Each structure stands twice: as C-alpha cells, then as structure tokens.
Amino acid sequence: MKSRGYAALTAGSTLVSHEFERRDLGAHDVALDINTQEFVTAIFTRLPKNGDQQSFPWSLAMKSQA
Amino acid sequence: MVPGHEIAGIVTSIGSAVTKFSVGDKIGVGVFVDSCRTCSSCTQGLQQYCVEGMTGTYNGLERDGKTVALGGYSNNFVINQDYAVHIPANLPLEGVAPLLCAGITLYSPIKHWNVGPGMKVAVMGLGGLGHMGVKFAVAMGAEVTVLSHSPAKKEDALAMGAHHFVSTKDPESLTSLAKTFDLILNTVSAELEIGDYLNLLKLDGTLVVIGLPGKPYQVHVGTLLNGRRSIAGSMIGGIAEMQEMLDYCGEKSIVSNVEVIQASYINEAYKRTVDSDVKYRFVIDAATF
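Taken in sequence, the protein lines are chains R and X.
The number in my numbering is simply the position in the first sequence, starting from 1, with 10 added.
The number in my numbering is simply the position in the second sequence, starting from 1, with 1 added.
Rather than coming from a laboratory, the hints here were simulated on the basis of the structure.
Remember, predicted model here, so these are calculated numbers, not experimental data.
In this text, a Cβ means the ideal position worked out from N, Cα and C, and glycines have one as well.
Some hints could be false.
Only part of the chain R face toward chain X is listed, based on derived beta-carbon distances under 7 angstroms [to be verified]:
(1) ALA17
(2) LEU25
(3) ARG33
(4) HIS38
(5) VAL40
(6) ALA41
Below are the EDC-like pairs computed for lysine to aspartate or glutamate, each with C-alpha atoms no more than 20 angstroms apart in a straight line [as the list claims (entries may be wrong)]:
(7) R:LYS12 with R:GLU31
(8) X:LYS203 with X:ASP278
(9) X:LYS21 with R:ASP43
(10) X:LYS67 with R:ASP43
(11) R:LYS12 with X:ASP286
(12) X:LYS180 with X:ASP205
(13) X:LYS170 with X:ASP205
(14) X:LYS216 with X:ASP197
(15) X:LYS67 with R:ASP34
(16) X:LYS21 with R:GLU31
(17) X:LYS155 with X:GLU269
(18) X:LYS216 with X:ASP205
(19) X:LYS21 with X:GLU245
(20) X:LYS253 with X:GLU269
(21) X:LYS21 with X:ASP65
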C-alpha cells in the first residue's frame, strides 16, 4: 500500500515529506485512512543516539533491534 | 524512520478474516501494534508488559524480528485487528488521538489504584499527561489537587475540574499538604526531590511515577516506612483497557485539549513542545500529509 507522510531520513535530521510502502492487507488486518495523528514528543525527543537504548524510555518494553 | 503513534482514523478496507471492524468505523491505534500474545502478560490483556517486548507502533521490530514498524505520520495505516480499538462515534477524532497514549497512561493507574469518591488525588504537572489525569480523576469522583511549577496554569487546572491548585515554585507550599493524599500521579519528567512529594502521602498512600526523569530518584527509605507508603510505576495500558477507557470517554464526553496543526508545521511544533509551549497536545491533521 502506498503511503504519504513525514519521516526522518537520517539520524538527527528534521522530518521531511516522504512516500513509502506499507504491507499489503492481510486476512486479519484493517486498513484505515488516518484523520489525526498525535504529535508525541515524549517519545520523539528521546530517540536513541549512538545506540543508547537506555535513553529511549520505551526501549525496555519493546522488542529490541538486534 | 516514519514516527508517530496515537492514530485516529476511519476504516477503509478489511481483511477476509476480520470480524471486529467494518468499513467506515472510527478506529484508533496506540503505542504498540503487536506482542507475543502468549506470555503471562499478553494472556491477561496487558500487552504493554509483554515478556518478549511489545512491538512499538513506530521504529519497533515486527514479530519477524527484522521488519521495522512504520509509524502513523502518514495518510494511511495497516494494523492487525486485535491491536486496534473502536472510537466512540460521538467523540471528535482530533481530541481522541492523544487518549491513545496520554489518556491511557493516566487512565490505567487511576483504575488500578481504584480512584473514586472519598479519595484525595494529586496530579504532579499539568501537561499532556497531567491534564488527562485531572479529567479522569475528577470524573471518577476524587478530590483532585494539581501540583504545578507554573502558576499560570491555575486557571486551566480549575477549568478542567481540579478542586485545588498548588504552585510548587515556593518549596514551603508543600509543607501544609503533608500526609494528605491517597494517590499521587507524577507526570513530571524534570528532576525533582521525590521525598518532598512522598511526604504528602497519607497512610498506605502510593506515588505512581509516569513521567520519565533523566536521572534516578534518590529515595530516603524512612519516608516510605513512615506511613507504609509506596512508590510505583505504570506504563500505558493493554488493548482491553484502552477500549474500556474510550468507552468511558464516550460516555463522559472526555477528550484531550489539543492544538491541531498542519503537517508542514511538524518541525516547529517539535521545538515548541520541547519548550513546553503547547496546550496540551499537538495533533497533526493527516489530510495535510
């Protein structure tokens, strides 16, 4: 599915307009048109730098990247 | 990285095995989009505490261990039906989006600690999290006090239903509140002397940490012993509890206070949020992506 949004293309960069692909709709999936999207800096401002996962508040609860 | 969670929208299509949603339904997505589904937490509906780790809505790993989740800063989204929730028809989507993180982050501890009539609850900090704590605790019948470093927020706090507002700029302001509260919801991420606030708890009271300070707290154990006090933490909520919260919000007409922005304003909004210059959440109009 084609999507149009905003993304950070490199670490530390500002967000820019970006087009990308989402997964296709599976049997148990729902597709939605987004109307509103909360801007959450509680997470956004704490993205890990230099792989420092401990500074990322959700990292301890999220499935971690290898 | 495509960031973004707390997504509110309208279902446009469904998979062949979907039974929970229909095209045209209002739908919400929170902080996570999947979990292991089999651990002791998941089977209790507490997916946020998944033993294997929840799959974050953005920049988390899908269950295959390699696909990075793409978030909601976009015009559309795809999610497994089990990890999405229904939004009550009477609620505006822009006011609902923050409920899917800020809202549930406060609703969950308020329910867990059985907030209700006769209880005295303090909310530390009146920001995106704190203002939802005030609304929920007031709606559930508690006597609510806002403890804020910003005296200018008094008017807003009282308008949200808080019964009292105490400016913490003056350290002495807390002295008269010693042994007052059954529950304190700490949404402050700034560093502070936590013992000053533990002293405000009455017998068997609990201070729940929700904000994330940059440095560990220093706790004098005597402050806990004196009054059998507890300090605890809480993190968002599970899918069933999110649905319960949204149904409650629909019944009570509770939404978040928001400032709706265009997508082109995202980077400016980021700066303003870092400066605490928002009342009380920015919400992006996804039609502008």
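Consistency of the hints with the structure:
Against a cut-off of 7 angstroms between C-beta atoms, the interface hint on R:ALA17 holds, since the closest Cβ of chain X lies about 5 angstroms away. Against a cut-off of 7 angstroms between C-beta atoms, the interface hint on R:LEU25 holds, since the closest Cβ of chain X lies about 5 angstroms away. The interface hint given for R:ARG33 holds, since its Cβ lies 6 angstroms from the closest Cβ of chain X, which is under the 7 angstroms cut-off. At about 5 angstroms, the closest approach between the beta carbon of R:HIS38 and any beta carbon in chain X falls short of 7 angstroms, and the interface hint on this residue holds.
Checking R:VAL40 against chain X: minimum C-beta separation of about 5 angstroms stays under 7 angstroms; hint holds. Checking R:ALA41 against chain X: minimum C-beta separation of about 5 angstroms stays under 7 angstroms; hint holds. In summary, the hint linking R:LYS12 to R:GLU31 is supported, as the alpha carbons are separated by about 5 angstroms, within the 20 angstroms threshold. As the CA atoms of X:LYS203 and X:ASP278 are separated by approximately 34 angstroms, the hinted pair breaks the 20 angstroms bound.
Annotation: proposed proximity of X:LYS21 to R:ASP43 holds, straight-line Cα distance about 17 angstroms (limit 20 angstroms). The hinted pair formed by X:LYS67 and R:ASP43 fails the criterion: a straight-line CA distance of about 26 angstroms is larger than 20 angstroms. At most 20 angstroms may separate the alpha-carbon atoms for a hinted pair to count; R:LYS12 and X:ASP286 meet this at roughly 19 angstroms. Distance hint between X:LYS180 and X:ASP205 is fulfilled; the C-alpha atoms sit about 10 angstroms from each other, no more than 20 angstroms.
Taken as a hint, the X:LYS170 and X:ASP205 pair is broken in the structure, with Cα atoms around 27 angstroms apart against an allowance of 20 angstroms. Taking the CA atoms of X:LYS216 and X:ASP197, the gap is about 17 angstroms. The hint holds against a cut of 20 angstroms. Restraint check: the Cα-Cα separation between X:LYS67 and R:ASP34 comes to about 17 angstroms, which is no more than 20 angstroms; the hinted pair holds. Straight-line distance between C-alpha atoms of X:LYS21 and R:GLU31 comes to about 25 angstroms, which puts the hinted pair past the 20 angstroms bound.
Distance hint between X:LYS155 and X:GLU269 is unfulfilled; the C-alpha atoms sit about 26 angstroms from each other, more than 20 angstroms. For the given pair, X:LYS216 sits about 26 angstroms from X:ASP205 by alpha-carbon distance, which is inconsistent with the 20 angstroms threshold. Of the supplied pair hints, the one linking X:LYS21 and X:GLU245 holds, its CA atoms being roughly 15 angstroms apart against a limit of 20 angstroms. Taking the CA atoms of X:LYS253 and X:GLU269, the gap is about 33 angstroms. The hint is violated against a cut of 20 angstroms.
Among the hinted pairs, X:LYS21 with X:ASP65 is inconsistent with the structure: their alpha-carbon atoms are about 24 angstroms apart, more than 20 angstroms.
Of the numbered hints given earlier, the model fails hints 8, 10, 13, 16, 17, 18, 20 and 21; all others are met.
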